[in-house]
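> Model the placement of chain H with the ligands on the given structure of chain C, informed by the hints.
First to last, the protein sequences are chains C and H. The first sequence begins at 274 in the numbering used here and counts up by one. The second sequence begins at 68 in the numbering used here and counts up by one.
Please keep in mind that the hints were generated in silico from the structure rather than gathered at the bench. Computed from a predicted structure; not experimentally measured. Glycine included, C-beta positions come from ideal geometry on N, C-alpha and C. Warning: the hint list may mix true and false statements.
Said to hold, decoys possible - Pulled a few chain C residues facing chain H out of the computed Cβ check, cut under 8 Å: (1) Arg472; (2) Tyr474; (3) Asn479; (4) Asp481; (5) Pro489; (6) Gly545.
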Amino acid sequence: MNSIRRTIRPEQIREFILVLLIFAAILFFGSQIENYYQPRTFTRIASSVAILVVVAVGQTLVVLMRNIDLSVGSIVGFTAYFVGRAIVNNPELSPLSIVLLAMLMGGILGLVNGIIIAYGRVPAIITTLGTLAIYRSLLVQFSDAQTIITSALPEWLVNLPQVNAFAIGEWELKLIVLIALVIVVIFQLVVTYLPWGRRLYAIGSNPDAAAMSGLPVTRMTVSAYTLCGALSGLAGFLFLARFGNITVVAAQGMELQVVAAVVVGGINIFGGTGSMFGALLGTVLIATLEQSLLRWRIVSEFWRDALLGLLILLAVATDSVILSRLRAFWARGGVEQVQIEN
Amino acid sequence: MTEPILEMRGISKRFGTTQALADVSLALYPGEIHALLGENGAGKSTLIKVMTGIHRPDQGEVWLNGRSITINNPLEAQRHGIAAIHQEPMIFPDLNVAENIFIGHGNRGSIVRWRQMYREAADILARLDVKLDVRSSARGLTLAAQQVVEIAKALSLDVRVLIMDEPTASLSAHEVDQLFKLAKTLKANGVSILFISHRMEEVFSIADRVTVLRDGRFVSTHPASEVTPESAIRDMVGRHMDDFFAKTDKEPGDLLLSVRGLSKDNVFHDINFDVRAGEVVGFAGLVGSRRTDVALALFGIETADAGSVTLNGQPVTIRTPQQAVKLGLAYVTEDRRQLGLTMPMSITTNITLPTLHQYANRFGLVQQRAERQTAETFQQRLSIRTPDVDRPAGTLSGGNQQKVVLSKWLNTQPRLLILDEPTRGIDVGAKAEVHQIIDELAQQGMGIIMISSDLPEVLAMSDRIVVMREGRQMATLNRSEATQERVMAAAMGQTK
Ligand SMILES: Nc1ncnc2c1ncn2[C@@H]1O[C@H](COP(=O)(O)OP(=O)(O)OP(=O)(O)O)[C@@H](O)[C@H]1O
Ligand SMILES: [Mg+2]
Numbered sequence: 274m275n276s277i278r279r280t281i282r283p284e285q286i287r288e289f290i291l292v293l294l295i296f297a298a299i300l301f302f303g304s305q306i307e308n309y310y311q312p313r314t315f316t317r318i319a320s321s322v323a324i325l326v327v328v329a330v331g332q333t334l335v336v337l338m339r340n341i342d343l344s345v346g347s348i349v350g351f352t353a354y355f356v357g358r359a360i361v362n363n364p365e366l367s368p369l370s371i372v373l374l375a376m377l378m379g380g381i382l383g384l385v386n387g388i389i390i391a392y393g394r395v396p397a398i399i400t401t402l403g404t405l406a407i408y409r410s411l412l413v414q415f416s417d418a419q420t421i422i423t424s425a426l427p428e429w430l431v432n433l434p435q436v437n438a439f440a441i442g443e444w445e446l447k448l449i450v451l452i453a454l455v456i457v458v459i460f461q462l463v464v465t466y467l468p469w470g471r472r473l474y475a476i477g478s479n480p481d482a483a484a485m486s487g488l489p490v491t492r493m494t495v496s497a498y499t500l501c502g503a504l505s506g507l508a509g510f511l512f513l514a515r516f517g518n519i520t521v522v523a524a525q526g527m528e529l530q531v532v533a534a535v536v537v538g539g540i541n542i543f544g545g546t547g548s549m550f551g552a553l554l555g556t557v558l559i560a561t562l563e564q565s566l567l568r569w570r571i572v573s574e575f576w577r578d579a580l581l582g583l584l585i586l587l588a589v590a591t592d593s594v595i596l597s598r599l600r601a602f603w604a605r606g607g608v609e610q611v612q613i614e615n
Numbered sequence: 068m069t070e071p072i073l074e075m076r077g078i079s080k081r082f083g084t085t086q087a088l089a090d091v092s093l094a095l096y097p098g099e100i101h102a103l104l105g106e107n108g109a110g111k112s113t114l115i116k117v118m119t120g121i122h123r124p125d126q127g128e129v130w131l132n133g134r135s136i137t138i139n140n141p142l143e144a145q146r147h148g149i150a151a152i153h154q155e156p157m158i159f160p161d162l163n164v165a166e167n168i169f170i171g172h173g174n175r176g177s178i179v180r181w182r183q184m185y186r187e188a189a190d191i192l193a194r195l196d197v198k199l200d201v202r203s204s205a206r207g208l209t210l211a212a213q214q215v216v217e218i219a220k221a222l223s224l225d226v227r228v229l230i231m232d233e234p235t236a237s238l239s240a241h242e243v244d245q246l247f248k249l250a251k252t253l254k255a256n257g258v259s260i261l262f263i264s265h266r267m268e269e270v271f272s273i274a275d276r277v278t279v280l281r282d283g284r285f286v287s288t289h290p291a292s293e294v295t296p297e298s299a300i301r302d303m304v305g306r307h308m309d310d311f312f313a314k315t316d317k318e319p320g321d322l323l324l325s326v327r328g329l330s331k332d333n334v335f336h337d338i339n340f341d342v343r344a345g346e347v348v349g350f351a352g353l354v355g356s357r358r359t360d361v362a363l364a365l366f367g368i369e370t371a372d373a374g375s376v377t378l379n380g381q382p383v384t385i386r387t388p389q390q391a392v393k394l395g396l397a398y399v400t401e402d403r404r405q406l407g408l409t410m411p412m413s414i415t416t417n418i419t420l421p422t423l424h425q426y427a428n429r430f431g432l433v434q435q436r437a438e439r440q441t442a443e444t445f446q447q448r449l450s451i452r453t454p455d456v457d458r459p460a461g462t463l464s465g466g467n468q469q470k471v472v473l474s475k476w477l478n479t480q481p482r483l484l485i486l487d488e489p490t491r492g493i494d495v496g497a498k499a500e501v502h503q504i505i506d507e508l509a510q511q512g513m514g515i516i517m518i519s520s521d522l523p524e525v526l527a528m529s530d531r532i533v534v535m536r537e538g539r540q541m542a543t544l545n546r547s548e549a550t551q552e553r554v555m556a557a558a559m560g561q562t563k
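Chain C with its partners taken away, still in its complex shape (with noise of 0.2 Å):
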């Protein structure tokens, strides 16, 4: 029992569960709508994936250290529609200087969150609800309620979606899902092997005790959410580059996705617990509903937010319940080596 203690984590038995949980929907789904089982029902729900999860593991930085972001959403639309605008008046601008120029963005967006809640002393939760509403009505105010279309954008950025990183057959992996991917590994080892990351844990896990032991919480925050808003303007780019027409409501909404799929993915909501694996599973669950609750006729769009909800619940449910035992459980098995050797 001990050695199985030792290699398996109480987490990684979240994630096992998860990854059941994804082929159960998929199977159910799969029973219930016709064709379903087709390469463009995964492609699709890929697509999907990787634009969420590249602002769900910006959101894993900021829960990690017990914070929230609920401005992410107004975030990927603000930059959503402001770099397809720079790129509407500037035709010529190069693929990377646009995604930097997105990311810088976004970045600048998360560290003025992160400087009132680190310097404000602002609780993160009514900061970020404060922004969410005012960085969307700053790109309603600086839009002139204008859209941008497909059409004026350049080529490359409309194709860009359809750019395949490689096929086998049918089955055809898209560029920006393996760009999504690289991202999840990057920051799950930034989180594993830099001080920075474990320090993210520490302060989550004990606020109190991290300050004072000299963590540099303060900032720790400001850094957080900084990335976490460069990478939400990563996802701005993304986002423009798949749906071409952005309106000022763009990506409206997206923070209760996100957030779902954070703590469906085992991120604990009050810090010190997760990883960017399981935040990438819980964004595959929430995408495979997603997309699949569009093309199953008997659930109206009103209930697919309802269902989302219900399934944060039952994650935060299932976390404090089942986690906490199976913790407890782990635990005593640790305190039993706390002996004294003679």
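For chain H with the ligands alone, coordinates are given in the frame of chain C:
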């Protein structure tokens, strides 16, 4: 003598109306072990928090190597080579043991080298002679294990000044020995150590110099050779203290609790003991001897796999703490920070929380005056140092918080009281007071189980002593046959 490494000059610090420190000066020389003594609330921890940049002093200066410096936060203190083990362990429950030790280090390179970290952590723990899996999660570590982690954390830093605020409060003799050996090595290397403890024997076994604070003021600094425990205590309390309190002998009453063959897989095994009305049964043992787990099982927080518990002649299976309380049990936890107190709530509310229904009038409203009265009675009996009982419990000093936890459970008037380290962090004066209260309760017919790592306390207060080692009951000694040597021998697993 050489120049001091660290010097505090005329430090004052106020919290609202409490003058925690008033014009306190203290010098630490290289290669000395300096003990800081004082009653609960004397200002010891506050002084340390000033040294480590957690609190900013209102007045006064900090000098390091002959230069005046300001320390704005713990990280800066660390950069100056000042590290502290704080009174309340500061554990990150979601990280593993090794990470807890190294997380605060600013200088371990840009990448976490897990293997190296595990190895180094294991080395440090080995130096402390503690077997603790460095990969196991810190969640659920016992208080003693948490304290070991705190010690390892400080030792792993390259320090010139090491400050230890009651590092030994929940450790037993063996771990204390190891810690002191290490302290002496550090001292030989020129590190200066500031050490706080309420256990006089420890202080005099290790300190070179002794400084006493009283009511936030500096009283005296003497070489240890010129101080006796009596004179130090006189300085601390400003009056002469009576000797150590011992339990009065009395014929025990009816059998209250009988435990037979109590076992829990991999935790403890075949525990047998009785508690009669009016008896105090002491539990002695080293860290990790599983005494707390037995108590938790009795109180329904953990469940045993085998064995029987009989209460007042009735076999019982206690599954939840609520059930235990209904059956007349009370458990005073060792971990006051996490389980014992609601820090932002007032002292009064904390004390009356489990007995709130007794304070309701016939309309079901809580009578605050009666609540207050109870709180003030306990404040007086245990000399809880606070301007008034409406303050948040979190603003009390560590020892005074412990007194509030005790008050809370004493007020429930249980039939069987389980005390886990009841005098942890309590100063000498109040300790005698607590012992006297325990004795009074026993006289009134309460049965008491007392887990304590303070051996003199166990010997003085117990009618019977159960000695445990790694989850096994090694010996059960009657008052007449129990000596320090016999208890230690059993706890270390030596059978004569
Ligand atoms: N954060 C705070 N807010 C208000 N009062 C405080 C605070 N910290 C300490 N105090 C008060 O300052 C005084 C000194 O407390 P301190 O913790 O330094 O005592 P101590 O000597 O360490 O006692 P003990 O032996 O019980 O640990 C106490 O009266 C305490 O109530
Ligand atoms: Mg203290």
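> Measuring from the C-beta of aspartate 481 (chain C) to each C-beta in chain H, is the shortest one below 8 Å?
7 Å, holds
> Please check whether asparagine 479 (chain C) passes as an interface residue: C-beta within 8 Å of a C-beta belonging to chain H.
Holds: closest Cβ of chain H sits about 5 Å from asparagine 479 (chain C), inside 8 Å.
> Return the status of the interface hint for tyrosine 474 (chain C): holds when the least beta-carbon distance to chain H is below 8 Å, violated otherwise.
6 Å, holds
> Just to be careful: measuring from the Cβ of proline 489 (chain C) to every Cβ in chain H, is the smallest value less than 8 Å?
7 Å, holds
> Identify whether the interface hint at arginine 472 (chain C) stands, where standing means a beta carbon of chain H within less than 8 Å of its own.
Holds. Min distance 7 Å.
> Given glycine 545 (chain C) as an interface hint, is the shortest Cβ-Cβ distance to chain H below 8 Å?
3 Å, holds
In terms of the numbered hints stated before, the structure departs from none.
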